[in-house]
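Participant: Okay, here's what each chain looks like letter by letter:
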Amino acid sequence: MKKIYLIISIIVISFGAYSQDDVYVNKPDGFISFGFAPTWGVGNLGDFVSNGSYRGFFFEGKKFISNNVAVGGYLGWSGFYEVKDRGTFNFEDDPRLKSSGAITGNLSNYYYNFPILVSFSYYPKPEFWIKPFVALNTGTVYNKLESYIGTVGLVSETWQFQVAPELGVFIPFGKNAEGGIHIAGRYNYITYQKYRFNGVQYMQLNVGISWLL
Amino acid sequence: MNRIKKIFIASFLLLGLTSCYKDVSTTYDEMDVTLTLFDKEFSERTDTNFQTYRTFVIRDSVGLISDYIDQGGSEWTNFYKPNGTSDEIRRAIKQKFIDQGYVQVDSIKNADFAVNLVVTLVQNDVYVGNPGYWYGYPGYYPYWGWGFYWKSGELKTSENMDYYYDPWYGYYPWYGYGYSYSYEKANIMVEMIDGKSLVKYYEFLEDHQNDDNIAPEDYPIIYYRWQAFLNGVLANDATYGKDRFDRSVEEAFTQSPYIYSSNN
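Chain order of the listed sequences is A and B.
Be aware that the first sequence starts at 1, since it is given in our numbering, and climbs by one per residue.
Be aware that the second sequence starts at 214, since it is given in our numbering, and climbs by one per residue.
Every clue listed holds true.
Heads up, simulated SDA-like pairs for lysine to any residue below, C-alpha to C-alpha not over 20 Å straight-line:
1) A:Lys98 x B:Lys253
2) A:Lys98 x B:Ser410
3) A:Lys98 x B:Thr261
4) B:Lys322 x B:Glu416
5) B:Lys309 x B:Asn296
6) A:Lys84 x B:Arg460
7) A:Lys84 x B:Asp242
8) A:Lys98 x B:Gln264
9) A:Lys84 x B:Gln468
10) B:Lys253 x A:Pro95
11) A:Lys98 x B:Asn262
12) B:Lys413 x B:Asn426
13) A:Lys144 x A:Val163
14) A:Lys98 x B:Glu254
15) B:Lys253 x A:Ala102
16) A:Lys84 x B:Glu243
17) A:Lys63 x A:Leu212
Just so you know, the hints here were simulated from the structure itself, not pulled from any lab data.
Same shape as in the complex, but just chain B (with noise of 0.2 Å):
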């Protein structure tokens, strides 16, 4: 009996050598997501789709959602300094839709569609339902130089970009139904919102100021055509290293062929 002792003390050496699994390294930059979304009927209609448009109207900071962040703080001051983390997200956001032959303009009135740029810093992981998920958030509504009214409650939003979280579809889990999406870390969110159903939105809003019971079927619907999550790229402390923030920014666009305007 000695001699099975011995063979299994052997063996559960053997198994310490062979079980420590998992030990693949990898770096930060290797862990970033690029994701992006579109609006699949919108993108096949022939009347207006990603090429039709033409004017787009940017916000003139990005909002930053966070958790942990105070609005005041020295990340917060650092974050919106000029030429800081939020300009230079802007700036490059701004350049790629302008590289795709759109035209910047002024007002959310003039604009095709509007541009969102929100940074999200969150300690808890949250798994995204629909478009607006931040809606709500300080930061997250942008101004677009309208005269914004804000109203509590209610946000309609478009079903057409109805990704939910369910991984157990397909083979990956970015593949068919869903796709979660973590913000335990940083990401940057680029949203190209319609500016027609926004102004439609906004001007519901301001004709409803005072009317408090408003049923949220009657909300006009917000249409979201596209939507880039750079995930990973910012540092906890809200700032960013370039390298790593451009090649997601070259990769939101590469992978999202059609958002280009032919009539500029």
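Chain A with its partners taken away, still in its complex shape (with noise of 0.2 Å):
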């Protein structure tokens, strides 16, 4: 949670460098922006994988339509897993079964996904040089889900919608620089509903380089 608040306190303190410094710039016709993008699984993935993850990239681009809105696409790849302790599992009671019972072994979960999405920005400012910016990213992502005790186990593979509001900002190397940080927080709700999952659901930052077209 700790990441979180310093991506909104980045972000927040971007917007007050509005009334703070008047250096404008020519507005760009777009950007493009590549770099890391840990994640940590909340909801029912934070109960499947506890730990956050560190493996994610993420690729985009952007082209202003109008003054403030741009409009782009995103790639992204995200990998959690958790090996948990060696454990004992009781099957949960089915009034269809007659039979019952347990099973002991090391439980270990991964989850993937590759979302492919379109991205709809809103720049209050595009012309200031330090560009923040609120997004939604929508469209299909692939999702897989692996679950193993030993070597038994279930892998789910599908394509998923995916949702994902953000929150972001650029700031340039220096003030007429081409390129500069990419620092965005998402959270991104996917629609899968399967097993004990309603929605995978996951909190992102993306940390990368960004260069103005």
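Two chains, two separate frames, one set of hints: put the complex together.
Facilitator: Put into structure tokens, the structure is as follows:
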């Protein structure tokens, strides 16, 4: 959670920079950005894999279609895994069954995804040197879940729908630089409704490099 | 455009760095799984249940089912040699039942339940459909000091151990409706079978020795009360590691706290 506060603080400070400095540059045509995307699951995914993941990357491009609105494409990849301590799991009682039982072993859970999204971004002042934005990303996502006890387990691969609101900022290396740092925080929701998942949810921090087009 | 090219190259390098996943290191014993199943209806009965069972008979050696270990070969001989894997497994399981208050007897006719012991070492993945799956394979059927008359064909088992391969039902594959069981690795299967039903079955076979036209539904039902699968504990050549085996046996009985006799 600390990471979320950190991102929000950076973004809020950058919005605050408007009033402190009047550095304006030419409005760019768009952006190309890529970088690391650490993630951490919340809700069901947080139970499934309790530790955060530092395995993730993103790549995105955006182009302004009006004064403040940019449209683009986004590709990402995230991987979560956790190997839990050896434990015994009693079968849930199922009235349809005449047998019940238990299993002992080492449980390992994996979750990977590969989103292919369209982004709609709003830049309040695209000609300002620091460029904060809010965005909504939506599209399809390849969703893979694996759970094993010992060597026995399940694999579930599906394509799902994903939606991800985002708050971010472009901070140039210098006031007139074409390259800069891209920092954004996202909340991701994936419409996965299997097993005990009632949607996959995770928070994401995108940290990378951005180029103005 | 050169710049964009560079960005692309950089991002693919990045992809290469981050996409090597699933490097979780595991040792063999972490892959061992202990599964137990029991007859729910039986465990809840008051007239006869796990606690009212008193006596048991255990087969004199462990059945070995394998698609690559030849009968009479060196691995086979090793498995069955005095104090070899077969003896060790039998001794450990027998002792566990004795520790739980059951009394060993010599004949199935006096036993409340029979303990079947089978090791499977099969290279291909197989999914178990129901108890008695291996019935008919050499090594599955035990003798228990009974004049056994083998009839090829049907085996009727109770449907009270109905677990099917349907890993998509639960959140975890071993929850709820089903369980897939892979025989890719070595497995020790321990079966606790109702003695009376087994005697009836044997008597039926004895009475119908010369009858070749028995309808499947005419066979008496064999009731399986409990099954334990100790998965992975043997090496591929059917030798066993004592620590892993002991841990699995301990787990099987610990996760089945209903298995004890209150009659002794």
